[in-house]
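In order, the protein sequence lines correspond to chains A and B.
Mapping of the first sequence onto my numbering: position 64 corresponds to residue 522, and the numbering continues sequentially without gaps.
Mapping of the second sequence onto my numbering: position 16 corresponds to residue -2, and the numbering continues sequentially without gaps.
Hints listed in this document are in silico derivations from the structure and should not be mistaken for laboratory results.
In this text the structure is predicted, and so the values were computed from the model without any measurement.
Be a bit skeptical, because a hint or two may be false.
[Stated by the list, open to error] Okay, the calculated beta carbon distance ranges per label pair:
| hint | chain 1 | residue 1 | chain 2 | residue 2 | range |
| --- | --- | --- | --- | --- | --- |
| 1 | A | Leu471 | B | Val70 | 22 to 28 Å |
| 2 | A | Pro571 | B | Lys(-9) | 26 to 32 Å |
| 3 | A | Ser516 | B | Thr68 | 34 to 40 Å |
| 4 | B | Ala34 | A | Gly536 | 43 to 49 Å |
| 5 | A | Glu527 | B | Asn47 | 42 to 48 Å |
| 6 | A | Thr484 | B | Val(-6) | 36 to 42 Å |
| 7 | A | Asp513 | B | Tyr77 | 17 to 23 Å |
C-beta atoms are modelled at their ideal positions from N, C-alpha and C, and glycine is treated no differently.
Each chain, letter by letter, is given below.
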Amino acid sequence: GDSVTQMEGPVTLSEEAFLTINCTYTATGYPSLFWYVQYPGEGLQLLLKATKADDKGSNKGFEATYRKETTSFHLEKGSVQVSDSAVYFCALSEDFGNEKLTFGTGTRLTIIP
Amino acid sequence: NAGVTQTPKFQVLKTGQSMTLQCAQDMNHEYMSWYRQDPGMGLRLIHYSVGAGITDQGEVPNGYNVSRSTTEDFPLRLLSAAPSQTSVYFCASSYSSDLGNTIYFGEGSWLTVV
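One chain only, chain A, in its complex shape (with noise of 0.2 Å):
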């Protein structure tokens, strides 16, 4: 079956650092891959997402690319911010019209001043 690997956490980074959450999936077809963050207390929002191979994701300075080669989704940010300290999920969906997720473990990241 569908299979989403992520870093295990969590991660402590000054804050203007530079971020990596590796993410490796398995997957039978050509899935969709998302990136999903929860900050404290509040549901999971839709970071970024990209439907096939080398397509790029970015949102608020984050970015990812689907690296079918190494299935791979990577989530990678330039400088991160207090306000980026939350909890970053990796997902995958395995067909277009497939509503049905499977996520990774989840990444805890803290930004500390």
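We have chain A already, so just place chain B on it with the hints.
Leaving out everything else, chain B in the frame of chain A:
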């Protein structure tokens, strides 16, 4: 536009009690689903629906029941609560387009079974 609305936000139940978590969306989305979030396990799909009158099981359906009588509402019923159902529950709705799926989540319902 309220998006996806879940109620209640917090609930404590005794073992064996039943209850319903409500979920409503005002975006006219066909697809709706319920997930549970447990520490170290990410989110797991409980049940989902591809439209009014149609429901199906996800990865962890045991102990839960759903129905979809309208496009807007997708309640999740716990038939006889167990401590293993202590979790955070998220409802989601989504639509598909040529750009892929876009999935929206509610703010979550924290459930404790004692």
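Hint by hint, here is what the structure shows:
1. At roughly 26 Å, the beta-carbon separation of Leu471 (chain A) and Val70 (chain B) lies within the given 22 to 28 Å, and the hint holds.
2. At about 30 Å, the beta-carbon gap between Pro571 (chain A) and Lys(-9) (chain B) stays in the expected band of 26 to 32 Å.
3. One distance hint, 34 to 40 Å for the beta-carbon pair Ser516 (chain A) and Thr68 (chain B), holds here, with the actual separation near 37 Å.
4. At roughly 45 Å, the beta carbons of Ala34 (chain B) and Gly536 (chain A) sit within the given window of 43 to 49 Å.
5. For Glu527 (chain A) paired with Asn47 (chain B), a C-beta distance near 43 Å keeps the hint of 42 to 48 Å intact.
6. Checked against the given bound of 36 to 42 Å, the beta carbons of Thr484 (chain A) and Val(-6) (chain B), roughly 38 Å apart, stay inside it.
7. Checked against the hint of 17 to 23 Å, the C-beta distance between Asp513 (chain A) and Tyr77 (chain B) comes to roughly 19 Å, which is consistent with it.
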